[in-house]
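Note that the protein sequences, when read in sequence, are chains D and B. Counting from 1, one number per residue, gives the positions in the first sequence under this note's numbering. Counting from 1001, one number per residue, gives the positions in the second sequence under this note's numbering.
Keep in mind the hints are simulated off the structure, nothing from the lab. Where hints are given, some of them may not hold.
[Claimed, not checked] So the derived list for chain D, only partly shown, Cβ under 10 angstroms to chain B, looks like this:
| hint | residue |
| --- | --- |
| 1 | R31 |
| 2 | D202 |
| 3 | Q226 |
No residue lacks a Cβ here, since even glycine has one placed at the ideal position from N, Cα and C.
2 protein chains.
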Amino acid sequence: MSDGVGKVETRVARIALPPEGFALERGGVLRELEIAYETYGDLAEDRRNVIFICTALSGDAHAAGYHTDPEKDPGWWEAMIGPGRGIDTRYYHVVCANILGGCKGTTGPRSIDPATGRPYGARFPEMTVADIVETHCLLLGHLGITHLAAVVGGSFGGMQVLEWAVRRPAMMDRCVCIATAASLSAQALAFDSVARNMITSDPDWCDGDYYGRGAGPAKGLAQARQLGHITYLSQDIMKSRFGRERRADTGDEEGGVGAPSEFQVSSYLEYQGMKFVNRFDANSYLRIMRAMDDFDLATRYPGGLEEAFAPVAAKLLVVAVSSDWLFPPEQSKEIANALLRAGKAVSYCLIKAPYGHDAFLVDIDNLVSVVHAFLPWVGEGRAAADLANEVPELPTGGRASSRADAAKGSLRHADVKFATGAEREVIARMIAPGARVLDIGCGHGELLALLDARRGASGIGVDIDLRQVVQVLNRGYDIFQEDIDGGLAMIPDGAYDCAILSETLQVVQRPRLVLNEMLRVAREGIVSFPNFGNYGLIWQLLRSGRMPVGKALPFQWYNTPNIHLFTLRDFELLCREDSIRILETVALSDARLGKSLLSLGLRNLGADRVLVRVTRP
Amino acid sequence: MSDGVGKVETRVARIALPPEGFALERGGVLRELEIAYETYGDLAEDRRNVIFICTALSGDAHAAGYHTDPEKDPGWWEAMIGPGRGIDTRYYHVVCANILGGCKGTTGPRSIDPATGRPYGARFPEMTVADIVETHCLLLGHLGITHLAAVVGGSFGGMQVLEWAVRRPAMMDRCVCIATAASLSAQALAFDSVARNMITSDPDWCDGDYYGRGAGPAKGLAQARQLGHITYLSQDIMKSRFGRERRADTGDEEGGVGAPSEFQVSSYLEYQGMKFVNRFDANSYLRIMRAMDDFDLATRYPGGLEEAFAPVAAKLLVVAVSSDWLFPPEQSKEIANALLRAGKAVSYCLIKAPYGHDAFLVDIDNLVSVVHAFLPWVGEGRAAADLANEVPELPTGGRASSRADAAKGSLRHADVKFATGAEREVIARMIAPGARVLDIGCGHGELLALLDARRGASGIGVDIDLRQVVQVLNRGYDIFQEDIDGGLAMIPDGAYDCAILSETLQVVQRPRLVLNEMLRVAREGIVSFPNFGNYGLIWQLLRSGRMPVGKALPFQWYNTPNIHLFTLRDFELLCREDSIRILETVALSDARLGKSLLSLGLRNLGADRVLVRVTRP
């Protein structure tokens, strides 16, 4: 970690409040407000290169660097923040602050209530996520910052990011929400409810007035944290880390005779519980948990999430973690779907990580790539040369380099997507200038880039592979990571001028469904595919007695991703059956005989590839 | 429920013990032993129609019928047990008993310790699942029962079933384990560890000596049960039952001003916790939970589960529930895999139910079908006529009736499996008499039945659809429900004489993998497939310009399950490439020209279907 941000310190800002104090959303008032924060990286002269980091339930301002010893006290997001990391401090000025109600330097239940001269305790006013965001807004004002390049946060921090996006939309360019939700699930509420009971039924809870009266509800808080820890880890990681190993030293805690010793997972949880009691305050835990439980963007407006997102002006990136069951991917997707329906610029991706919810803190390599790809153009410190190095060049057409590799290994849609330069040119011609396009199976985003350059088209891609997501984000386009075979349910009706299925229809499980979905979400569609009616393929089949392999269909029968072969004629008949109107057909052939057949109008026999522009009347 | 077993009562058997008492596995001794039990259905004269039901963690002997009011107190497995139900009391005599250490009539911590004249409390001896099984064995002896038609149980009851199978192998014909595991996962242990802490850190716990001293650790027990309840339900069912609804009446429990009321899910959990405190004892909960935590079949022998299962003589059915995350399906599959490796007769199936772990109690229709199909031949009360009515007839060959339906709707492998009568005859001829066969993609089990009838072959099927599982079980064969595309990892090397891929290779995602897997698990393989090199198909393609549709390939390109088309020649070349030796090829054609081509030796051109027998030298 020697190349991180180095030694840092937590500072505490005493926020200047108006005489009437700071009014909280639920009616409470704070007469004094202090906020603990750290910063990393240089503030640009125009002060527009600031990234604000929102912390999770038990996080603090110390997100990166170290206070005294790099080994002992690295920041909680050390791997994400620093020179050359996901949030690159060579370009960005990063601010991270402890939250209202916390116990790490920002005003909270342990702070002295100026009205009584004693700690607030359980009398600390009810607070919400909106209050957290507003106090952080005051901090930024205090620091002379009025614009944010991005707001970034995971878990409860992601909820704060959403609140920022709807409450202060003009203030930021981009938002990144990781492993979060627009509201907690019933299951998460249930866990919190049990955790709350654990704390408040501890005899040392004293209704929250335990300061100066012994240890406070240490047992209850430790138990609550133990429970929390179970929910932060996946089933699999618990298995591989602890399995059913036993502690070597001790007997059964109930003191039974001949009983085997305690399981290691119990020891781990006990250790985590104890550690937490030493660094956190029960009142803060309850207050922040309550703010998290109550956060619910969707219920604020009759139109739900979609209406809640109406004011959003920033470009958003929503990241889910595959093994997260506390904030499951469906909840992230719900956020992204609502943003799409609200017509906002949003990208969604799913990071495969075995770790569970905590992956956003510890299992972080892919997350770093994604965040880094999403944040490259903001701020002024970024050199053009640096940008050019990092954004992969556009292939000049023809075979994509990954294609040969893909043919050997396991196959995924994204690996095998390739459209020739000629095909891409035809598609560019078919697109109206300035059109909004949806590229279904977008691969690395070459076509999106070409349509942008040639026709000024803006758009979004859909693909299944995270590597494609990183590439497309790096090019500056939006992408929705999704298995097309699951449908395009996240895209609202008629959201695009044109949807493109370039070399994709034959690789999906349910081509008929995908074709019809394409014309639900866009006024027009462009489909390109290999034509199995081509004379060359049939001749090859007859002559060799084998499934044809060649330029148009470059795979062996047993490893081809092209699982639904069809002819131009087949496609035309399906269109007729499904009341789809064909507006234009472009038949391509590389071969001399093929070209001759095409010139005679024998398209089904002559074409090796076909592009069709369709609409639903 | 008027057609259930009707009014029943719980009886208590006082078990006659030898003078030295009943010695427990961990060294403790019981001087007195009472066991509460119920029975349903008539005991056959030969006393061999008995099914013993093992209960879950907090279950009791009252599994079916009612005590006073059918609406108010139905048995906990009412939907499973009764005339015409999964466990059919017209044929079976069902016995269900409360477990050792319980608090429902069987000797446990609340019972009087004859040595002291006071309740055992925390001094109740350490007990294990083996002790539970042995005491139930004593009960059966007391009832004059020495043979069981089956032992059936879910969750912790399933663990007892496994213990029965390895500890008393000669006593039973069949075993059914539902939603269980050969040992708890690390995550489940973690939850139990937190639950245990909740009880033992309740100030009213008094080290277990709370009898006669007030309510006992009611708060702790209620909290532990609340936590348990979260783990019994799936994320989805929690969402649909409670979502984020709020209780109408109350304010925030921390007494904050202006705070919204409590969530309904909290109220539900509180209610469940309170209800449980009224019906259960904390010492029993801890003792039984400890027995469950410590149960671990795999660690008993160096060879793990496989070795532990060596003595098993019964035929087993292992059932998993898709949404169960407390006893996830992988754990059930682990049991089934180990039984397969140990060479035991086992069927495995996965029931899709949204409910979570509790599905085995409440979301039960499919489970009833599966259990019923697995248990039809045992006992003497079962009339032959009744059997004939319930076992579906063998189709006489040609198209299976589900095929036309399948072509319209969504497609699954099992739906489209069909081999003509001629193909099945060829396969029967290729199989050696008495061979052990594996039918990969076995559909309804027609082929297994034919090979049994014609060649005396025994075997097991693999298919993906639960409907097929029920049919195959009903026919009396074993089946492993599995997606072939995931491989055949559960089948040990060389376990079968012959594996069959009848009309299956072309529908899987990775045909090359499946082909090689087939020859890993069996000495020989038989593959039947449609030959895309057939002259008729090529002619149809050329003449109509469309993908051929006909007898051999009866689907449209956009809904065909045949996603990897290939020719006989393709298959031969792949065999050569993968060092697979072709022992025999049978080429079939329905057409006159096809037959002529075949007679000229032009198999690749003439055959519409091909059967190939292969081996790996």
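key: Contradicted hints - numbers only   = 1
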